[in-house]
Amino acid sequence: MLGSGLDELYREVILDHYKAPRNRRHLTDPACSVRGHNPLCGDQITLELALDDAGRIAEAAFSGNGCAISQASASMLTEAAAGKTLDEAEQLAEGVRGMVMGTGPVVGDPATDLEALEGVKNFAVRVKCATLSWNTLRQAIQMIREGKAAADAVIEKE
Amino acid sequence: HEIAITRYALRKLSTVDDLRIHGPENPAHRGGVVSFALADLHPHDIGMLLDQQGIAIRAGHHCAQPLMRRLNVPATTRASFYVYTTEEEIDVLVEGLGKVKEFFGYAGQRA
Numbered sequence: 006m007l008g009s010g011l012d013e014l015y016r017e018v019i020l021d022h023y024k025a026p027r028n029r030r031h032l033t034d035p036a037c038s039v040r041g042h043n044p045l046c047g048d049q050i051t052l053e054l055a056l057d058d059a060g061r062i063a064e065a066a067f068s069g070n071g072c073a074i075s076q077a078s079a080s081m082l083t084e085a086a087a088g089k090t091l092d093e094a095e096q097l098a099e100g101v102r103g104m105v106m107g108t109g110p111v112v113g114d115p116a117t118d119l120e121a122l123e124g125v126k127n128f129a130v131r132v133k134c135a136t137l138s139w140n141t142l143r144q145a146i147q148m149i150r151e152g153k154a155a156a157d158a159v160i161e162k163e
Numbered sequence: 023h024e025i026a027i028t029r030y031a032l033r034k035l036s037t038v039d040d041l042r043i044h045g046p047e048n049p050a051h052r053g054g055v056v057s058f059a060l061a062d063l064h065p066h067d068i069g070m071l072l073d074q075q076g077i078a079i080r081a082g083h084h085c086a087q088p089l090m091r092r093l094n095v096p097a098t099t100r101a102s103f104y105v106y107t108t109e110e111e112i113d114v115l116v117e118g119l120g121k122v123k124e125f126f127g128y129a130g131q132r133a
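Same order as they appear, the protein sequences are chains A and B. For what it's worth, the numbering used here labels the leading residue of the first sequence as 6, then goes sequentially. For what it's worth, the numbering used here labels the leading residue of the second sequence as 23, then goes sequentially.
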């Protein structure tokens, strides 16, 4: 409807995650809670992770507000992160970063349609929106490894 | 002309459902700009979809973060007018905003 250019960015599955976000809630007993914020545009995400006895991510949930890309990306993250070890989740986060920046290959995950974020690479101004939640995830993993429960960080790096 | 076109814009924009205009209603108390919020859509999304329709607006903090905090919004969308802006162009903006709402699923509303 609005031109094939934006259809690449706002793909159907991204709009779906924006309108009906998964795991937009609070966990009862999170291992950590980390807030990520894009000071230049106002997107914010708070990510909560719960771990199982084996140290895998049992559940991931988010809250916050911001543009469609940032919120959809966070929603997809919560589906993809569940069930992964901290290392696997970290690797996936780096893979997604590379994909949306156009420096790496398309990555996917059986739990959710991550490859839909590939379109972001053609819209440089929205890269930070897509990576906000994934950078927050990496921060959360670091916090867990360092034994810290919560953090309030302004996360923004390209 | 600036006051007249701003008055026209304020009038037309106030017919859009779910659109909240920031600032004074009296065009004489403003310059030729109107900042607004559209439903709970983020200005970056609004800006991108309007741009696709050939409509240029500014989205973000407009170098006024304290005002954003005061208004309790993460950012705003801002349309500005000058000597060359026509009423027709305002109409295009209003119609464009309708399409933006439709795109994000706010269907069935007057625009």
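In case anyone wonders, no lab produced these hints; they're calculated from the structure. Incorrect hints may have been included.
As the list claims (entries may be wrong) - These stretches of chain B come out as covered by chain A in the derived footprint (C-beta under 8 Å, 3 or more residues):
| hint | region |
| --- | --- |
| 1 | 66–74 |
| 2 | 82–93 |
Said to hold, decoys possible - Straight line, CA to CA, 30 Å or less: simulated BS3-like cross-link-like pairs of lysine-lysine:
| hint | chain 1 | residue 1 | chain 2 | residue 2 |
| --- | --- | --- | --- | --- |
| 3 | A | K126 | A | K24 |
| 4 | A | K126 | B | K34 |
| 5 | A | K24 | A | K133 |
| 6 | B | K121 | A | K153 |
| 7 | A | K89 | A | K126 |
| 8 | B | K121 | B | K34 |
| 9 | A | K133 | A | K89 |
| 10 | A | K133 | B | K34 |
| 11 | A | K126 | A | K153 |
| 12 | A | K133 | B | K121 |
| 13 | A | K89 | A | K153 |
| 14 | A | K89 | A | K24 |
By construction, the Cβ of each residue, glycine as well, lies at the ideal position given by its N, Cα and C atoms.
Quiz item: Is the hinted pair K24/A and K133/A satisfied, with a Cα-Cα distance of at most 30 Å?
Solution: holds, 20 Å
Practice problem: Could you grab the alpha-carbon distance between K89/A and K126/A and see if it respects the 30 Å cut-off? | Solution: Answer holds: K89/A to K126/A is near 26 Å, not above 30 Å.
Quiz item: For the region 82–93 of chain B, do three or more residues have a beta carbon lying closer than 8 Å to a beta carbon of chain A?
Solution: holds (count 3)
Self-check item: Given hint K34/B paired with K121/B - CA-CA distance at most 30 Å
Solution: It holds: about 15 Å lies between the C-alpha atoms, which stays within 30 Å.
Self-check item: Pairwise hint evaluation, K24/A against K89/A, where the allowed Cα distance is 30 Å at most
Solution: OK: K89/A and K24/A at ~26 Å, within 30 Å.
Practice problem: Assess, step by step, whether the Cα of K126/A is no farther than 30 Å from the Cα of K24/A, and give holds or violated. | Solution: Roughly 22 Å between the alpha carbons, so the hint for K126/A and K24/A holds.
Quiz item: Keeping to a limit of 30 Å between CA atoms, is the pair of K133/A and K89/A held or broken?
Solution: holds, 24 Å
Self-check item: K89/A paired with K153/A [C-alpha distance capped at 30 Å]
Solution: Cα-Cα ~20 Å, so holds.
Quiz item: Are K121/B and K153/A close enough, with their CA atoms no more than 30 Å apart?
Solution: violated, 46 Å
Self-check item: Straight-line alpha-carbon gap K133/A to K121/B, limit 30 Å
Solution: Between K133/A and K121/B the Cα gap is close to 25 Å, so the pair holds against 30 Å.
Quiz item: Is the straight-line distance between the alpha-carbon of K126/A and that of K34/B 30 Å or less?
Solution: violated, 36 Å
Practice problem: Would you check the hint for K126/A and K153/A, treating anything up to 30 Å between C-alpha atoms as holding? | Solution: violated, 33 Å
The structure fails hints 4, 6, 10 and 11 (numbered hints given earlier, in ascending order).
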